[in-house]
Amino acid sequence: MFFILAWRNIWRNKRRTLITVSSVLFAYVLATALLSFAEGFQRQLKETMIRQETGYLQIQDAYYFDEPSLDHTLEYGDNVKQAVAEFDEEIDYVVPRIQGFSLAAKEMSTRPAMVTGILPGQENKIRNLSGNMVRGEMFSEDDDFAVIAKGLADLLKLDIGDTLILIGQGYQAVTATGMFEVGGIIEFQLPEQNNTAVFLPLKEAQWYFAADNRLTNLIIMPADPDQINRLASELQSRLDDEWYTAKTWKELMPDMVGLMQMQNTVYTGIAWIFYIIVGFGIFGTILTMLYERMQEFGILLSIGMKRIQLGIIGLIETILIGLLGTTAGVLTALPIVYIFQQFPIKFTGEMAEYILRFGMEPVFPFVIDKHIFINQAYTVFGITLLIGLYTMRKMYSIQILEAAKN
Amino acid sequence: MQTVIKTESLSKTYTNTAVPVHALKDVNLEFKQGEFTAIVGPSGSGKTTFLNVIGGLDKPTEGKVVIDDVDIATMKESQLFDFRLRHIGFVFQAYNLIPVLTAVENVSFIMLLQKKPKKEMEQRAREMLDQVGLSEKLHVRPSQLSGGQQQRVAVARALASKPDFVLADEPTANLDTESAFNLLDIMARLNKEENITLIFSTHDQRVIDRAKRVITLVDGAVDKDEHFKRN
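Chains D and P, in that order, are what the protein sequence lines are.
If you use the working numbering, the first sequence closes out at 406, no skipped numbers anywhere.
If you use the working numbering, the second sequence closes out at 231, no skipped numbers anywhere.
Think of the hints as simulated: they come from the structure by calculation, not from any bench.
Every clue listed holds true.
Below are the DSS-like pairs computed for lysine-lysine, each with C-alpha atoms no more than 30 Å apart in a straight line: (1) 306(D) x 32(P); (2) 162(P) x 212(P); (3) 14(D) x 137(P); (4) 59(P) x 405(D); (5) 64(P) x 306(D); (6) 405(D) x 6(P); (7) 137(P) x 405(D); (8) 162(P) x 405(D); (9) 32(P) x 116(P); (10) 405(D) x 25(P); (11) 405(D) x 64(P); (12) 306(D) x 119(P); (13) 394(D) x 76(P); (14) 306(D) x 6(P).
I would like the entire structure built from these sequences, with the hints used as guidance.
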């Protein structure tokens, strides 16, 4: 009966209830859409950075993160291979890399270059380098030619078949020099990368840096990215702390994590503004309902209804309004977010180019994440519960005779 | 006859006014089972205060209100809620039905608070509405009933829980003559048939003419206490 009473009470003034429910609905839809976009954007950013930069997890020399030089390369020996092999089922694939700065030259022209030794088959799994080739071909593991970025090729006026000279410092201060035929030209959107990248087959790069069987990073791509923290810690436990460290992408890119946290704070703050507005809407409606029915409450208390019973009815009424709004919000937000996920709005013009430079797709990337929907529902429920508890408290303090005379 | 309510040296003074108001002064009264009593007096004479105090809605400044051998003036608020629910029926001037409940639901409501079984509750509600002549209006909401009909539902509600006595604060004040007579007929019949104790505060001569006992309050004190023989 209390539920029936509460249900009918909220429909005493249909228009007011509908307006309040609508305000909950709009706040829910706006907050959910905003956070679905924010989550989508962050996932895209994270995925891009992970694929282009660090991978989900890396094994490095213990000092490489603080001082990234070839002197802090790790020996890719049996101990590392065995440790990795123990987690064979949890690891999708590994990507070994060795990289260091050098001077790239052709005749009298020189440019700084980031020389990276890779296994092309493994590297393609993480960032499909071969798909970005504009001329020539990607080397295979046993080839000995170089692939260079288009910007660098243009700066040095290098083309397929030309000789690239590399001069730098190798492992333990050895002078690194090498001459490599340019076999392929690859294009990157990010200017810095496009103007400096030089790729060599891993063995050739190790030879060039005089770092046989050594790596700067062993990237590990797990089967389940949600398990990277555990995987990192278990890998670390099987490696000698003095020489090796297993780091997650979050540890490797603290700036990006900070940026993502800041974005989260901003988006959550905006969502909360919606909720504060809607909270006051519900609060106003409930207060009006409360004062309109003060005499009725006085009478109900007079005839023997307990304050707690009256309070429960008030609480149910508030929660019902919140539930109606949230249900309507979920039913509205779900198809909207789904449509934007399936048919994302595309950036155009300079903005699109700017985003492309970072290797990201120039779209508003919405995602359907049940946690976002559920968390927003919890938030609305929490707000309505607070208002409901206030209503209960107000009902507890009703002076029976004054209310009945109202 | 058994005494239902007994007041001893009952006084009520309101001190939250500029000048203290003595709403009740040394009221000593006894109400027997089955009495039909009208409390009369000019405005401000203390009628409503008296009903509020014996109904446990207000506390006396001094004196006792003994109901069922218990002085309700000493009860805590939480005990009073339960006491009112089980011992007292209320009828108010402005009907005060719950607008979103039907007639039968309004009558059942108090029994619901008393946690009566659903079947018994429905049966009793229908029975009471039948007694007040509203068996055709069981599922009608208050807004679709006339003032007289609403007050009859209120009477059914007050009596449904089988209280020891019913307090009615000017129940006919908002009713036309026909509705008022109709209501009084019903209440007189229930008083006679079910031996229910009825205490009215009223200005209405139609009520006074039906009452078997008329207590006149003046300035918070009992001025007259008259008994009449009525059919």
